[in-house]
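Protein chains: 4
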Amino acid sequence: MMNKEQYIESLRQYKPIVYLNGRLVESVVDDPMTRPHVNSAAVTYELAFDPMYEELMTTTSHLTGKKINRFTSVHQSTDDLVKKVKMLRMIGQKTGTCFQRCVGFDAMNSTFITTFNIDRECGTDYHERFKKYLEYVQENDLMIAGSMTDPKGDRSKKPSAQADPDLFVHIVERREDGIVIRGAKAHQTGMINSHEMLILPTTNLGEEDQDYAVACAIRVDAPGVVHLFGRQTNDNRRLDGDIDTGNSEYAIVGGETLTVLNDVFVPWDRVFMCGEYKFAQEYVSTFAAYHRQNYGGCKVGLADVIIGSAAAMAEYNGVKASHVRDKITEMINMAETMYNCSLGCSCQGTKTEAGSYYVNTLLANTVKLNCTRYMYEISRLAHDIAGGFIATLPYEADYRNPETKGYIDKYFSANPDFSTEERIRMGRLLENMTGGTALAESMHGAGSPEAMKIMLYRESNIDHKKALAKKLAKIDKITKKDEEKDYVE
Amino acid sequence: MMNKEQYIESLRQYKPIVYLNGRLVESVVDDPMTRPHVNSAAVTYELAFDPMYEELMTTTSHLTGKKINRFTSVHQSTDDLVKKVKMLRMIGQKTGTCFQRCVGFDAMNSTFITTFNIDRECGTDYHERFKKYLEYVQENDLMIAGSMTDPKGDRSKKPSAQADPDLFVHIVERREDGIVIRGAKAHQTGMINSHEMLILPTTNLGEEDQDYAVACAIRVDAPGVVHLFGRQTNDNRRLDGDIDTGNSEYAIVGGETLTVLNDVFVPWDRVFMCGEYKFAQEYVSTFAAYHRQNYGGCKVGLADVIIGSAAAMAEYNGVKASHVRDKITEMINMAETMYNCSLGCSCQGTKTEAGSYYVNTLLANTVKLNCTRYMYEISRLAHDIAGGFIATLPYEADYRNPETKGYIDKYFSANPDFSTEERIRMGRLLENMTGGTALAESMHGAGSPEAMKIMLYRESNIDHKKALAKKLAKIDKITKKDEEKDYVE
Amino acid sequence: MMNKEQYIESLRQYKPIVYLNGRLVESVVDDPMTRPHVNSAAVTYELAFDPMYEELMTTTSHLTGKKINRFTSVHQSTDDLVKKVKMLRMIGQKTGTCFQRCVGFDAMNSTFITTFNIDRECGTDYHERFKKYLEYVQENDLMIAGSMTDPKGDRSKKPSAQADPDLFVHIVERREDGIVIRGAKAHQTGMINSHEMLILPTTNLGEEDQDYAVACAIRVDAPGVVHLFGRQTNDNRRLDGDIDTGNSEYAIVGGETLTVLNDVFVPWDRVFMCGEYKFAQEYVSTFAAYHRQNYGGCKVGLADVIIGSAAAMAEYNGVKASHVRDKITEMINMAETMYNCSLGCSCQGTKTEAGSYYVNTLLANTVKLNCTRYMYEISRLAHDIAGGFIATLPYEADYRNPETKGYIDKYFSANPDFSTEERIRMGRLLENMTGGTALAESMHGAGSPEAMKIMLYRESNIDHKKALAKKLAKIDKITKKDEEKDYVE
Amino acid sequence: MMNKEQYIESLRQYKPIVYLNGRLVESVVDDPMTRPHVNSAAVTYELAFDPMYEELMTTTSHLTGKKINRFTSVHQSTDDLVKKVKMLRMIGQKTGTCFQRCVGFDAMNSTFITTFNIDRECGTDYHERFKKYLEYVQENDLMIAGSMTDPKGDRSKKPSAQADPDLFVHIVERREDGIVIRGAKAHQTGMINSHEMLILPTTNLGEEDQDYAVACAIRVDAPGVVHLFGRQTNDNRRLDGDIDTGNSEYAIVGGETLTVLNDVFVPWDRVFMCGEYKFAQEYVSTFAAYHRQNYGGCKVGLADVIIGSAAAMAEYNGVKASHVRDKITEMINMAETMYNCSLGCSCQGTKTEAGSYYVNTLLANTVKLNCTRYMYEISRLAHDIAGGFIATLPYEADYRNPETKGYIDKYFSANPDFSTEERIRMGRLLENMTGGTALAESMHGAGSPEAMKIMLYRESNIDHKKALAKKLAKIDKITKKDEEKDYVE
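Those sequence lines, one after another, are chains A, B, C and D.
Following our numbering, the residues of the first sequence are numbered contiguously, the last one being 536.
Following our numbering, the residues of the second sequence are numbered contiguously, the last one being 536.
Following our numbering, the residues of the third sequence are numbered contiguously, the last one being 536.
Following our numbering, the residues of the fourth sequence are numbered contiguously, the last one being 536.
No wet-lab data here; the hints were simulated from the structure.
What you are looking at is a predicted structure, and each value in this text was computed from that prediction instead of being measured.
Some clues are possibly wrong.
As the list claims (entries may be wrong) - Taking beta-carbon pairs under 10 Å as the criterion, some of the chain D residues facing chain C (in silico):
1. M48
2. M49
3. S466
4. L503
Where is the CB? At the ideal position from N, CA and C, for every residue including glycine.
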């Protein structure tokens, strides 16, 4: 396993092409605009060495029997699924932002399952290839970017029907030593400070979309790969000091990129799907269920910070009203409901034929659908408690300017037990965590709400529910077959 | 274990004094107003003999090693806690109403814990007494009414400060052979078709309230006990036939009574708390957490029926709009969120010092708070889908009247694939399950919303959350002590 | 104008055939099951003679210049539209239920407009006929049932495509002296205690549906008319006394009927549309807009009573918590928002070409859509405040039984400043107003939610909104034509 | 009246001291960081000369009979109140942001009323002074900053009890020629591009707070006045081009300042309250009601743009799903409900004793309370529809960089009928309007939610509602006095 420093150093060995604000980033580690993103991910390495969190952060490889960082593991029990949720919440509490590494974690777990299933039906050997790759990842404690989302182009058309064939990643050449792929992946969390990217398809595919059925792994600096870094809310503030950014140590959300793949070569030992279009849907929904499980972990960790921040703001403002307590309680209920949902879908996880453990799909989809609403509501209540000053605070530079610092200290003072600087810092943290990009991430990360709704309807047995109602209304009897459809076993 | 028929027969051996609509009920089993309540509870006996549900419905006594009905068991693992939730959901699906037996189940489990704790501190022997009683319950497969809620009188006053001392159950005499108690218990679910009632306190108590610290068990027909049966929504309809009641086999909610205790004698071997007022709060909150856990089981079973009923209504009406599917999906999400919350608090249960398993208190409180909102919202969406006819349907007698039956068949027909009677029956079922008493039960059963909010705030570590925020805002460092306060272990 | 007593006497001159619970109702006025419905409507007559409410309850006929009951008037100004809303709220406050007379009021106002428009385009003389009829209604101060909703059968089919042609009212014969109609009208509010019914179409019609394009007026006891009275929540309780019904003077909701028209003859002077199918859609949406306006009047009157009842319950219970005040305030906000919406759509009313005043359609649709949600939420909060006893109260007969009255008085006492009977009566009122039929009426009266949503989308100028956004995003310029599309003039 | 250009030129005559990001702003008009704020306010001047909007934008001075900009007028009718709402919505549609000028408008209207009331009771001559000042404002078409909100310090203490007496503006000297004031005003919308500021108190005051009872007018560049400009979400983006800012012509929200008053002299003819502490509460609540009325105007204009932007985004994305239409409809309902509430409280406005018109206080408070929730919900739905790309778009500079522009054009293309640049521009506009500062403004502008809740409870007649319920429950009769308490007249 790598520790924090080793991880950061390891990134210097990679030379990804990253564009940001019209310029090339020379060093992802040293650039002040990207460093906080490195710091967020580094926490996943740092805490693996903290005895207090050892049980959550590390586990034993089922391949090698060695101790590994949990983020590189394949789940071996429902307890592993529960620990994943707890680990994510705990790191969210410490970073107050996305720490990026769960995407690759989930991509690896779904690849583990899908390669097994493809092999069984198609006689291929993807699963063995992938296990070797997984061992390599575990041994080197690599950070993997899970690369699923294609740009998608016209949402009303399938990949092969797009005006431009490149709007979904596809195979442009099958060679003796490997394949060549072209296209792009969008919204790529943690990409520029990852070591490798694990590519998988983004949608169900038909026979005509065979070239789009591709899964494989490449280095983030493989020839032909170009990254465009996304602009986030208040991104530039970190160039001005450490107050206005709110959370100066860590980044806002995941540092998403558009990652362009200009005819990138992938050797066969890194190819895990190549044309088996029938397995795309299962692949996507497996990944999605794992990934939706997470939001009752990491986002609840963030919610804990927002709740704490709002409670502190009320204290700094000198407000002791009963409505503050009531609002805090509502925030707690939303946070713990999301957490509960993640625990529920984890403890109801089942063993796959590949031997790993998988969450309950129906239940996992409740997690994220609730998240797309609760994080907005939690943010709204935090704004309510914090007061209007989070929207009208002067600049950090004015606070550092001796001509104006006195005015700010004097007129933004409130509860005399706390300094004005404390109050401003807390206000800026709250602003950071409840603003534009952070909210949009809660909405669309791991899929947009309608994607969950489709799964919830599909996974819920409506016919069984209708049979139950008919029996009670004395319309029909429940047949033996209806009984077997029972949700609970 | 008793089966359904044995349970019903066993009730004939009990002669409780029950008043209902101004008259004495001669036989709880045979009276058409109370029989459906018997039927609901009987399902808990019937399914224990169904091989399909054996794993959920039965377990092994940790006292005797014999196979027992789960409703008489003390939880031995988190798996038992999870199975409880699944069992409740399944029975809720089959009855579409309250089946009453969980209250005693929870009362026994909390008495098991609290008697152990009292004994350890006070040197009493309540726990042994209770274990003997529990064995008696298990051996005879008795139905126990959990009797907690006192009438409470003026909500702003403690028990001993009430104008009338009887507004909370209290000890009026301590005799050599036992105690004499007086007062009443309100909202007593399943009381008249239970065998015994297990009395426990309803609120935290001070030193001045010592006589109110009483727990004990009595027969429901013990001398001095009088039951007043509560009036429910559309109660009389069951006298008119089987359509208008909606769910003619089973009851609406739990058949709650006001049970008056007129100087009732209790022998010492049935007394489990007698003056140890300091343990009242723990007793109450333990019972409450167990009981709040349930609502993500039984109410989700009911929600399954409501969802199925709404889906069937849309079909019967001939409506195929996208909004119906969207509303059904929202209902599913609410139902599965409640279920998830119950699973979450169960899988995070912990072993008590008494050796049994107890749910996570914080997480259990989310279940019921969500339920007080979701069941109303689910009912609202069901009304939306069903259409206005659920409010204006003619009487069953008019449907049976040859002069008017033709009009009803003709003019209430809709989708030609279904008969008018099917449509009416389904409409009446929906009316039954989304009406007054059913909603109020979702609100106040297992405590009113503010009770959950108090627990959520109390159990959540706000100081830890503030520390997290301060660290990220670079105001304070998190101390070692803060770390220890971590929610996740 | 008739006063209350004259209205009640006048009903004795009508002999409608009404079936209720398998029997014929001999006298709508004297039958204890229907009398409360008569009482509700009678308030609209009674208050017209109360000087305090004269300005709201009466106006001047634009046809005769005489003072008339406002319920028989055609709106002459936006002030009339505003006064309508205030009148409805005030009567709702006094009855706590539907007083039925607004349906005919709105039917008359929409018929006034549509007949004018048909005549102008088709050269017919419906408008003059209708004015004569209106004068007759005003002179005799008649109560008119607005009869719009057809049974509709299979919701996916148009009237002429139904398996049974009678599922929408249609013309079966055109004679020299009039027409013969057949079919039924469902959900007929106030029908059995009205004098006449004013029939109008319920949906937009195509050329093949010409026979369904019919509007006309008939007596409620015209030959061939049969009424089936709908069963309401807790309907029978009124036979047992005056407590359990909650609001014993007045009815629950509007006493809806299925009214069957078995080949009913209508003379030409009572026919106001006969085949002009193109005007059906306008007719329906005009009626609907007027009718949706009402819900921010009458339902807010009911909400006032519910709020007052909840506030009283908190007092009776002895609860003085801050959360009660907060919930009451939320209820007030919802009530006043609905009222505001009704005022807004009224003050933005416009003069029609027929000379009368019509509400703003877009704005009127917000009223009812909010109502379908807010009345459920207000009821939920009322349940929350009232406490669980509204679901478990004993029967009135038990309260009148000397053997049990003492128990009830003793154990349901709370705040000593109030009697137990007061507390029970208030609980029963709350139960009455927040239960099944009352909620369903808030949902589906004046059309189901999706009907409002269709209108809101249609009436809102989305293209104009897109143009505004494009201009600010510097994508397009707003053209002169876009400017003209401005919502505000 | 001034036109747009005249207004902008006029600002050059003012030399306010403005600090922003650690530097002094040399020219508010020319500085790229402040110019957009000037542009927003300038629209209120520009449209006054557009014949299409003349009726909304201008009116006749009741003092001089001359045509004036409506923003300088005192309301003479309920029609004026309604036109104010329509004007605000229309300008909101054109700017997509706060145009700042309503605060002074409302401050003048409340000063008009309160000075009249003070004079009547205290024999002072503030009203005449103010009328002269108002005439001066009207003649010169000045932009007035309404300066109410004090920094407030410790929220649990009154002004005179604060540790620092300057945390509320107060009189430090009463001289023969005028007064000297000290303190600061926070959240000062439009301040730096206003001509004058009209100061009024921010809270109710006791006898001990007499020196805090001060209202007066000063130039924004009066000696002793220092402005600190607040930092807004993504403020710096406007320095990088015109795409990333989203709405490059206009500002985000109102350009709020902390405005420090360092012993500022005010001559007597500009003093409108000086010690009459008893009138502070009335002054504040009058201003607040006027100001809360606005939010159903301006914010609905913004909502129109957000709705249009979301609808355009769905089109650009190529999404034609039914859920988009449903979400758009929900947004429309929220927007029109707010608008309706503003219209309702306007049409129910009443004539004050000073002769001007004032909105209905109770109803005006619903507007803003709904706004604090609806604008968040509208933003959430807009994010849902727009898709994740609003959170991960590359920088404008990367779009202008020839090396990366091609990637962006290619991979962010969607519906082929629209260019990628259009899609990006629309995404950036949506980001601008639904982000941090904009949301917080919807929450706290015109007072925080709890302020509305206090007013809603206070203005609602709970006792009357209780009397209504008691009458229906047959507990009490309504007395004559109760009747008089009727809400509706």
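Violations among the numbered hints, reported as their numbers in ascending order: 1, 2
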